[in-house]
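Trainee: What follows is each chain in one-letter form.
Number of protein chains: 6
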Amino acid sequence: MYVRNNRLQYPVRVEKPDPLFAKQVQELLGGKYGEFTVMAQYLQQGWGLRGAESNPKLTRIKDLLLDTAMEEMMHVEMLSTMIGLLLTGASPDQQAQAADASPAVAAVLGGMNPRHVIVAGLGAQYADSLGNPWNGAYVTASGNVAADMYTNAICEMQGRLQAARVRELTDDTGVRDTLTFMLARDLLHQEQWLAVVEELGGATTVLPIPAQLTADTLGKHEKVAYAVMSYSADPAATTTGEGRWASDPSIDGKGTFSYIAEPYAEGTSVDLPAAPAAIYGSLPGDPTGATIAPKGTQGKRAKDTSLIHKIGDAITGNEA
Amino acid sequence: MYVRNNRLQYPVRVEKPDPLFAKQVQELLGGKYGEFTVMAQYLQQGWGLRGAESNPKLTRIKDLLLDTAMEEMMHVEMLSTMIGLLLTGASPDQQAQAADASPAVAAVLGGMNPRHVIVAGLGAQYADSLGNPWNGAYVTASGNVAADMYTNAICEMQGRLQAARVRELTDDTGVRDTLTFMLARDLLHQEQWLAVVEELGGATTVLPIPAQLTADTLGKHEKVAYAVMSYSADPAATTTGEGRWASDPSIDGKGTFSYIAEPYAEGTSVDLPAAPAAIYGSLPGDPTGATIAPKGTQGKRAKDTSLIHKIGDAITGNEA
Amino acid sequence: MYVRNNRLQYPVRVEKPDPLFAKQVQELLGGKYGEFTVMAQYLQQGWGLRGAESNPKLTRIKDLLLDTAMEEMMHVEMLSTMIGLLLTGASPDQQAQAADASPAVAAVLGGMNPRHVIVAGLGAQYADSLGNPWNGAYVTASGNVAADMYTNAICEMQGRLQAARVRELTDDTGVRDTLTFMLARDLLHQEQWLAVVEELGGATTVLPIPAQLTADTLGKHEKVAYAVMSYSADPAATTTGEGRWASDPSIDGKGTFSYIAEPYAEGTSVDLPAAPAAIYGSLPGDPTGATIAPKGTQGKRAKDTSLIHKIGDAITGNEA
Amino acid sequence: MYVRNNRLQYPVRVEKPDPLFAKQVQELLGGKYGEFTVMAQYLQQGWGLRGAESNPKLTRIKDLLLDTAMEEMMHVEMLSTMIGLLLTGASPDQQAQAADASPAVAAVLGGMNPRHVIVAGLGAQYADSLGNPWNGAYVTASGNVAADMYTNAICEMQGRLQAARVRELTDDTGVRDTLTFMLARDLLHQEQWLAVVEELGGATTVLPIPAQLTADTLGKHEKVAYAVMSYSADPAATTTGEGRWASDPSIDGKGTFSYIAEPYAEGTSVDLPAAPAAIYGSLPGDPTGATIAPKGTQGKRAKDTSLIHKIGDAITGNEA
Amino acid sequence: MYVRNNRLQYPVRVEKPDPLFAKQVQELLGGKYGEFTVMAQYLQQGWGLRGAESNPKLTRIKDLLLDTAMEEMMHVEMLSTMIGLLLTGASPDQQAQAADASPAVAAVLGGMNPRHVIVAGLGAQYADSLGNPWNGAYVTASGNVAADMYTNAICEMQGRLQAARVRELTDDTGVRDTLTFMLARDLLHQEQWLAVVEELGGATTVLPIPAQLTADTLGKHEKVAYAVMSYSADPAATTTGEGRWASDPSIDGKGTFSYIAEPYAEGTSVDLPAAPAAIYGSLPGDPTGATIAPKGTQGKRAKDTSLIHKIGDAITGNEA
Amino acid sequence: MYVRNNRLQYPVRVEKPDPLFAKQVQELLGGKYGEFTVMAQYLQQGWGLRGAESNPKLTRIKDLLLDTAMEEMMHVEMLSTMIGLLLTGASPDQQAQAADASPAVAAVLGGMNPRHVIVAGLGAQYADSLGNPWNGAYVTASGNVAADMYTNAICEMQGRLQAARVRELTDDTGVRDTLTFMLARDLLHQEQWLAVVEELGGATTVLPIPAQLTADTLGKHEKVAYAVMSYSADPAATTTGEGRWASDPSIDGKGTFSYIAEPYAEGTSVDLPAAPAAIYGSLPGDPTGATIAPKGTQGKRAKDTSLIHKIGDAITGNEA
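Residue numbers (this note's numbering), protein chains in the order written: chain F, 174 to 493; chain B, 174 to 493; chain A, 174 to 493; chain X, 174 to 493; chain S, 174 to 493; chain G, 174 to 493.
Extracted from the complex, chain F is given alone in its bound form (with noise of 0.2 Å):
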């Protein structure tokens, strides 16, 4: 059950109408790293969350993702307010005041979003700061925890860095302290998920994801599971192999990095066979192409021996 009532979570406050910012904020409510989208996928998420009922960290969880859904509507609502205030003045006829005492002021008006006063009247939407219309495919839920917490926090973090460069974008002190606050949200929210992975038992514990297929129970492709490979033509001419990832054990303390500083291909080509007369596919008169005398070597390719990938066969020992 959800009640309500009409108070903001944190006061919203605008010196003065600004009807380009309001396009910007916009970014926040409605982007694809918005509220609304946090705000949705945290309410998917915590309804779908499967075995809650028998297991009380599952539980903890399930009531997390649902309070912090409750707190991110009200970020919703408190965007949609500013929004609404920074348009405060921005309707057709003060427009052409404005625009008749200044022609800066004519072109900033310019730059703002039409639909902002033809369609919603002076309000805001659910679209980004260019009018893309917020889409259903922003949200993951996943059903497995441990990724989804995962994914949370790249949406508070790209939400954040969102915020920090629109907050750059204004100086009226009351929306740069509604903004301030929603940073400190947003740090928060970041590492909440992450102690939800720690809680989980920490990235040993749940990478990779899923868990349950750990790289011995890859068969063969085992000896691949911890390997960098690098696609650079000339091997000198990458630093790939030089970082963290190219050696030393791995982030889940089951494996070792290595580097296989060489392209690496285990596959031959593929031509697919030719399509049946009734997909109307291939060549019109002649479907099959046999009665195309092949002239000279034409269409045969020669051995391609550019790419070695000795350092890759060496590893996984087939294919020499």
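Among these hints, one or two may not hold up.
Which copy? The list can't say, so a pair holds if one copy fits it or any two copies do.
Said to hold, decoys possible - The calculated DMTMM-like cross-link candidates involving lysine to aspartate or glutamate, where the alpha carbons are at most 20 Å apart (straight line), are:
(1) LYS396 - ASP350
(2) LYS189 - ASP345
(3) LYS427 - GLU371
(4) LYS393 - ASP350
(5) LYS393 - GLU439
(6) LYS427 - GLU395
(7) LYS393 - ASP344
(8) LYS393 - ASP345
(9) LYS396 - GLU439
(10) LYS189 - ASP344
(11) LYS396 - ASP421
(12) LYS427 - ASP389
I should point out that these hints are in silico values taken from the structure, not numbers from a laboratory. These numbers were taken from a predicted model, which means no experiment stands behind them.
We have chain F already, so just place chains B, A, X, S and G on it with the hints.
Mentor: Chains B, A, X, S and G only, in chain F's frame:
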């Protein structure tokens, strides 16, 4: 510069046509977390990385991004080839024969992706398992290296999870072998991006994101930066306060988690002012509502005392 | 402020798993007229309503919008739970067992939503019955109260119609009971929004929308403001002129319907001027076409006399 | 059959180029409630109307739909022509000259739609004022005549509202005259579709939609079919119970509105069962959580008594 | 297999930052006909080409597709780099300084793409000049080689046209040089794909597409396969019959164009049957309309004689 | 002006209901290359054509576009009618009866489009065979007549190809007859648009597009305007150099094809400069990376000599 030859990274073998499974494999190719997403994402992150010229760490990360993008392109190629092979034998005339032979086969064919036949002529598409076209909004490239490394890691987590589930949907040993190879590589890629985070200094350095805005840069809002808030109507009815995230040092090592058990709201209700006439937004005939005589206390809200936020007030020290 | 507990508004019971029906229920959750749409719409309309501070009627409408939004969120929760229960038992391994037991079951499973397994791990999504993700453009919040109340009413009409059809697709008594509860609530909501229109003064006050622009504010165009026009090639071959809309007082009580039986056109043909060179838009080598010598009457259109509009001319008095 | 000539329905005159206004007019052409939407909607409703052969009322509605669709196509043509004329003079070379002459002009040009130049070569597009392409999901054609007539009416309401706002954004007398003509026609169309509802028997006959499912067909759920429910945390803090919708006869004349002041929930909390192993959805190493020893009362929720629903219980008679 | 190094195909130089132009360049990167589209399209066509194993012509086409895809990827890289350089200097703090210095600059900045700052951190995106994300539906890969070669040619035509227009929008000599290089390559690619058509036998062989279905395979419908039909209400008022397409041999050399000057319709009006009750689609209370007594001739359409199609009848010989 | 009557262009007959085939026919109505696309495209191209007033060739093309648009609208009508008839008998109650009678029928019904029942009430939609809504981005209208004529031709090619494949999916003789009529018309339309190209002067005149920018207007880049480049890692391993496109006169008759066998790159690697602090884009604590001491040659790339481009250098004469 990008060059190529016709070899696959790893062999793709399909034992028998299976148009229904071809539909499901599309999720791994063109879904939100499919291989085309990570290919495009690593390219854009690599091309857009700033500062690599003067910073060896960034040089290496740029190389790692672009090298890995090459591998992901090979995965898209392998999945396209797999889908092509799974659809071999599914042309309309072959379907008609199969359906005549068995009502069950006819029914299964009814579940296949009709665009595989009608639009693509027995080929793959940049679309997910339900035919939603791949979307540029799937890609994240923020210019913040740490945020993007975490994002890359979760793309590999969600993608690997989906590959594991798709592998469960088939008994074809050739297909399963190719997918198992990919599961090995997705394992590596999860770890690799987190290894970059570690090289950047680990969680305590890169968190919170953006890391320049630590809690102590947020002024009075520092007090809510590590405080988990419950929005359960009855504090006793939620378990949110019992987790790792409710006490003890924060993940970034820069603060301590606390817990606010009762709903927290510092803001007050905001009613937006009436819109100017030109917005056509209010009551017809009386845009300002001035002539509507209020009867009794209609429209006056009583003060809401049901949701206490003592703890929040105690922490914040305002709006007592 | 928004708070919650874990109770559903109305019980959700599912007798047996039914992944095919789960796909169909998605329309009610995440389709254009699904519960997520009205939840988001009532929130945005409520948050964005202007003038509530000084006008009790608007205060009440704002409260009604936000209260109803809470209920709609509970409906989204109920449908998510329903889909989760319908999918219980549809994991890949369980499917494999079921399919082995019966070709017919296998075929039905072939029709289920593959993203329910691969992407959501047996959970609901913000998408419709074909997997189109929910879209922010589904929401209407115009700032014109009367227009939005009518819009809310039709959302409940189309939504209730779809719920009625979905209920016909199942025999599960638990599911039918929950959907019947929702049909009762959708009935109320249709009526509730039309009751707001009545309180605003009813059709004669709020129509036309926007009501400030009545026919007598439109100058010479008042004459076509109540005139239904036929575009039937043969006036005798259409029945358009026989309805309620062709005569008698208009719905808003401010005019009288009339009927123009023959196609009406006051405009003349417009050929846009040639584009400047930088647009690269016209004939190669001769952007203005100046050097092309017209032969005979080529390209000259005869005067068109086939479509008479005597009646229109008689009414408008121009272009005889 | 559809035939044409080159005359516009009403003249389109533009006094001077205005690429910024051209961008705004796109909303009326290709926005959610633009003329292209109603053209496509009336065509699809007309083509898909069932039962017209044997029912004269439906015959007339089919004719009215298709006749009106012809008019809407002429409106799309007029707006395309208007945009073409507004863009005449906005090619890159002309822009460069204008910008050289005046920084303010340069700035305004910066706000124009770049796709009008780059993609369309100074022409209109099927897109809204921010360039979101027109979407088939904008169209509603449900097969339920009464629901679709109401839907048509609100499309004309929202569309007319937007046209009124766009007209406020220009002083061009030619453009304003054409838009005023359209405002007159939109007035007629609003009324015309409601007149169809009246001919079908009016609100008391067609409501609720679908009308076959009146409250007395809903069994025990009849009791909530006319009951407005508040979800205000404090019943005294909302005004929802004071409106027309909280008492008196319902709009359809078949019931009486009532009001439930306190949050209403008949359902209980539902925790979904743990997912099978193949879903990879739960805790790594322990999918069912069986081995996790609960400590104390961790994860056990206390009974929630904060949200009372006596009134709901009194009405429903269960879950006391 | 795909490998890479860090060299660009052609140098990218930018003289000065220009965030407004960066917005416009996005069309060439991520628009419908941008470089990312052709890159993805040639990859998918190459991977999906069937029959190359046994047909040297197809082998060569497959190689050409994949080689050209490599080049297009380099074009995407060049444009991403160009956008990155154009945005260097457009961060919020630098914008604030610039705007303080000049109102005109401030106004221009108001027209830039806010997502370039907020979301991408001064980087490119897979989106067009208005921020519409790139869409997998832009790609065509039909499996019909001839159709796809023509399609590739028009992608290069539309893309080159857009590049030419974008080049007109800047005076930056570095940018213009890079775009001129691309114009040269797009010229080649237009021709290259048409050269493939020529190698396949030219228009007379590959047309009509699919070429297996020539006119003489269409039975009685052969008679309309080369007949241009006018739908002008007045035959004298259209010039459609005067073109190359109205007489003389057809382009494929297999027929002769003819011209039907008057609207052609062989079909009769179809009224769909009434829907079953469970569709809730018809009149409330009377789904079949049986009890509605028709008054007079209401709802009966007169026979339509206004649109004669003598010429069509003469050709088809039926429905005299 | 547009007028209509109720006759179809060609009869639509359906022998028996087939909801699965109705789903497939949607591709021809509302897919990317469906009839709705060409209808909308020809309208927009016709309305937006510039220069027709003074140029008879353009007058005729404008008439041909709008006349053909009328025909395409009739095709949309025919397909909508066909879908309506195919769905007759597929309402929920009828499905239940059918499914009871036969598990195979039940399974087929499981594959039908659920939105045909739930949303459209047994009617067609503006969507493709997987329910992706029609999108305005499908339409191309560039203002360049030659480019658009080629584009129209390929729309008819891809559309006809799909119609041919759909016809293969049914044995219904009525449906096949209607589709065969459409195949005849699509043949004409392919040829008709290419005939316009011929009238404009043929390939040698209109190519390259835009034709004003011939190779000799491109300065030093003329040298790569007819040069096909291979990006095969091993020049001997690709057949790209063997085709019509690698030598002999170019298609436009203005140059000669040549072939660059080894990967061609004139550009150098570009590392973007570090972002300003306000972008929060680089390393935390050290945005410029200045304090990170490079160890050894870490991060320094060796000069890449693996990919030679002697031939390119020989042609271009720079970067030896």
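Trainee: Could you run down the list of hints and mark each one as holding or not?
Mentor: Taking the hints in turn, this is what the structure says about them:
no. : hint            : in the structure
1   : LYS396 - ASP350 : between (53 Å within a copy, 14 Å between copies)
2   : LYS189 - ASP345 : within (8 Å within a copy, 30 Å between copies)
3   : LYS427 - GLU371 : both (17 Å within a copy, 16 Å between copies)
4   : LYS393 - ASP350 : between (56 Å within a copy, 10 Å between copies)
5   : LYS393 - GLU439 : within (13 Å within a copy, 43 Å between copies)
6   : LYS427 - GLU395 : within (11 Å within a copy, 38 Å between copies)
7   : LYS393 - ASP344 : between (59 Å within a copy, 18 Å between copies)
8   : LYS393 - ASP345 : between (60 Å within a copy, 17 Å between copies)
9   : LYS396 - GLU439 : within (13 Å within a copy, 39 Å between copies)
10  : LYS189 - ASP344 : within (11 Å within a copy, 27 Å between copies)
11  : LYS396 - ASP421 : within (15 Å within a copy, 39 Å between copies)
12  : LYS427 - ASP389 : within (9 Å within a copy, 37 Å between copies)
Taken one by one, the earlier hints all hold for this structure without exception.
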